[in-house]
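Protein chains in written order, with our numbering: chain X, 1 to 113; chain G, 1 to 403.
I should point out that these hints are in silico values taken from the structure, not numbers from a laboratory.
In this text, a Cβ means the ideal position worked out from N, Cα and C, and glycines have one as well.
Worth double-checking, as some hints may not be accurate.
To be verified - Computed spacing ranges between beta-carbons, pair by pair:
id, chain 1, residue 1, chain 2, residue 2, range
1, X, Glu112, G, Asp350, 52 to 58 Å
2, X, Ser61, G, Arg114, 36 to 42 Å
3, X, Glu47, G, Gly208, 55 to 61 Å
4, G, Pro312, X, Glu112, 35 to 41 Å
As the list claims (entries may be wrong) - For lysine-lysine, the following DSBU-like pairs were computed, each having C-alpha atoms within a straight-line distance of at most 30 Å:
id, chain 1, residue 1, chain 2, residue 2
5, G, Lys213, G, Lys228
6, G, Lys116, G, Lys49
7, G, Lys60, X, Lys87
8, G, Lys116, G, Lys228
9, X, Lys87, G, Lys390
10, X, Lys87, X, Lys101
11, G, Lys49, G, Lys60
12, G, Lys213, G, Lys116
13, X, Lys101, G, Lys60
14, G, Lys49, X, Lys87
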Amino acid sequence: MCTECGCQASSTATQGTVTDFVSPAEGELTSVSVEGVAVAVATVGGELFAVDDTCTHQGCSLSDGEVEGTAVVCPCHFGRFDLRTGKVLDGPPEVPVGVWKTRLQDGTLELER
Amino acid sequence: MTTAHVVVVGGGLAGATVIRRLRDLGHEGSVTLVGAERHVPYERPELSKGYLSGRLEIEKLQVLPPSGYTELDVALRLGERATGLDAVRRRLMIGTEDVSYDVLIVATGSSNVRPKLPGMELEGVLQLRTVEDADALRLRAGPGSRVVLVGAGFIGCEVAATLRTVGADVTLVDAQPGPLWGPLGRQLSERVRAWHETSGVRLLMGVGVVELKGEGVVQTVLLTDGTKLLADVVVVGVGVRPEIAWLGEELARAHGGVAVDRDGRTSVEGVYAAGDLAAVDGQRTEHVNAALTQGARVAAAVVGAPPPAAEPEWFWSEQYDHTIHLGGLPAAGDVFVERTGPFAGFFLRDGIVEAVATIDNGRDFRRGLRLLGGRHDPSLLGDPQADLRKLAAGKVEPAGRVE
Numbered sequence: 001m002c003t004e005c006g007c008q009a010s011s012t013a014t015q016g017t018v019t020d021f022v023s024p025a026e027g028e029l030t031s032v033s034v035e036g037v038a039v040a041v042a043t044v045g046g047e048l049f050a051v052d053d054t055c056t057h058q059g060c061s062l063s064d065g066e067v068e069g070t071a072v073v074c075p076c077h078f079g080r081f082d083l084r085t086g087k088v089l090d091g092p093p094e095v096p097v098g099v100w101k102t103r104l105q106d107g108t109l110e111l112e113r
Numbered sequence: 001m002t003t004a005h006v007v008v009v010g011g012g013l014a015g016a017t018v019i020r021r022l023r024d025l026g027h028e029g030s031v032t033l034v035g036a037e038r039h040v041p042y043e044r045p046e047l048s049k050g051y052l053s054g055r056l057e058i059e060k061l062q063v064l065p066p067s068g069y070t071e072l073d074v075a076l077r078l079g080e081r082a083t084g085l086d087a088v089r090r091r092l093m094i095g096t097e098d099v100s101y102d103v104l105i106v107a108t109g110s111s112n113v114r115p116k117l118p119g120m121e122l123e124g125v126l127q128l129r130t131v132e133d134a135d136a137l138r139l140r141a142g143p144g145s146r147v148v149l150v151g152a153g154f155i156g157c158e159v160a161a162t163l164r165t166v167g168a169d170v171t172l173v174d175a176q177p178g179p180l181w182g183p184l185g186r187q188l189s190e191r192v193r194a195w196h197e198t199s200g201v202r203l204l205m206g207v208g209v210v211e212l213k214g215e216g217v218v219q220t221v222l223l224t225d226g227t228k229l230l231a232d233v234v235v236v237g238v239g240v241r242p243e244i245a246w247l248g249e250e251l252a253r254a255h256g257g258v259a260v261d262r263d264g265r266t267s268v269e270g271v272y273a274a275g276d277l278a279a280v281d282g283q284r285t286e287h288v289n290a291a292l293t294q295g296a297r298v299a300a301a302v303v304g305a306p307p308p309a310a311e312p313e314w315f316w317s318e319q320y321d322h323t324i325h326l327g328g329l330p331a332a333g334d335v336f337v338e339r340t341g342p343f344a345g346f347f348l349r350d351g352i353v354e355a356v357a358t359i360d361n362g363r364d365f366r367r368g369l370r371l372l373g374g375r376h377d378p379s380l381l382g383d384p385q386a387d388l389r390k391l392a393a394g395k396v397e398p399a400g401r402v403e
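From just these sequences and the hints, can you work out the full model?
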């Protein structure tokens, strides 16, 4: 766990790439795997956002949820996380979700946190 | 009133939510939490599921870790039970001691109804509300043990699923025609019944319990139709009642609880209520979401912040690998429109969507919530191709009307 903010990201940087990545449609989500970690990727306003695909409340997959504005809503108990910061906006979760930086180039998605 | 001394009575989710939100909103006054349980506030839903099965430990259920209360500068008085209220002098009684407050939040929740059945005092007759209750059940109900669940509501159904999964021999008994018949209605009840039957739970519906028998320890359960069930453990889950006896007659009552307005104000100045016991506009709701939204509204009212947006009431239930979501209030006689594919159902009354339910389909549930209170074409509601988001925005034209 990250010692700075208590989020579930590890304190050392992790990065990885996903080849042949197809961006989800605007306002939709998809799930990818990087270094064995499931990551939810959303398209909002034409931009890609990525967070850990595991809700910090009870572990449901956020990519099965829904994008609302710049937030992702967990499909189980509707915790709402800011896709840009990982912050809990409302609902039962207490711990922020890990955020990944995204870069898409020639069909390859680079993720880093 | 950001410097007021706030005393929160009740260490459950509602009380913990009020505290979190007060500090979020910049409340600087001292805050005291009085809780009858010796634990910091935790979420109860997993007591019948992940905690009961041993998959989750108590730390995972806590709303905040114990250190969180130090960080929020909250004085914890756990394992202490409020015994009375002097609203005129603004004092909360805890046994022989009294604690002064500027603002009091009543969030003592509810307690389980104990039916007047012969044999309720026998060893092995359990209920489920607290961590200790779950520990006792975990200890007694294992592979092969015979468990009789009295009441096929949320507790009965979820405990049945969890204990069946760990290999117990489980029987569900309820006077209603099917499991969760009251809160979910017939169509969903039938699906829940099928999960339990497939998993090997014995369902005895439409029968009541007459007596629990045993020599010190429960051994048999006698039913109204004469059936005798052998039992090692009996779990009684037949509903709850608000935990308000300690309050005396100081606060106005409604729906068996404490009457409050939408911001959680009671009939007495400086006293608010939230959670299971709070009857908002005459309606009580015993679900997690109500504790969260009411807690947030109370905190906003205390500090004078704008109230959070109103949300429809909803809840979930998890059994086996399935999650049911239900929002709004279905009633007997509603027209039920089923959407095929991932299951979603809409309860219509006079053409208005009054409730929505989904199974393993949280996305459509969330979208369906936005349809509540609206008039929508049943053929579109039932059409898996029709996008519920567009329906909510009024952007889907019924087929045939397109030019």
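Practice prompt. Verify the proposed pairing of G/Lys60 with X/Lys87, using a straight-line Cα cut of 30 Å.
Written response: The given pair, whose Cα atoms are some 19 Å apart, holds under the 30 Å limit.
Worksheet item: If you draw a straight line from the CA of X/Lys101 to the CA of G/Lys60, is it 30 Å or shorter?
Response: holds (28 Å)
Worksheet item: When you take the CB atoms of X/Glu47 and G/Gly208, is the distance between them in 55 to 61 Å?
Response: Roughly 60 Å apart at Cβ, these two residues keep to the hinted range, so it holds.
Worksheet entry | Given pair status - G/Lys49, G/Lys116, alpha carbons within 30 Å | holds (27 Å)
Worksheet item: Given the hinted pair X/Lys87 and G/Lys390, is their alpha-carbon gap at most 30 Å?
Response: holds (28 Å)
Worksheet item: Quick one, are G/Lys49 and X/Lys87 close enough, alpha carbons at most 30 Å?
Response: Judged against 30 Å, a Cα distance of about 27 Å means the pair holds.
Fill in: Pairwise hint evaluation, X/Lys101 against X/Lys87, where the allowed Cα distance is 30 Å at most
holds (15 Å)
Fill in: Restraint status (C-alpha distance of G/Lys213 to G/Lys116 at most 30 Å)
At roughly 14 Å apart (the allowed maximum being 30 Å), G/Lys116 and G/Lys213 satisfy the hint.
Item to complete: Take the C-beta atom of X/Ser61 and the C-beta atom of G/Arg114, compute their distance, and say whether it sits inside 36 to 42 Å.
Response: For G/Arg114 against X/Ser61, whose Cβ atoms are near 40 Å apart, the range 36 to 42 Å holds.
Discussion item. Assuming the hint says 35 to 41 Å, is it satisfied by the Cβ distance from G/Pro312 to X/Glu112 or not?
Written reply: holds (39 Å)
Discussion item. What's the verdict on G/Lys213 and G/Lys228, does the C-alpha distance respect the 30 Å limit or exceed it?
Written reply: Measuring from Cα to Cα gives roughly 10 Å; hence the hint holds.
Item to complete: Take the C-alpha atoms of G/Lys49 and G/Lys60, compute the straight-line distance between them, and say whether it is at most 30 Å.
Response: holds (13 Å)
Violation of the numbered hints given earlier is absent; every hint is satisfied by the structure.
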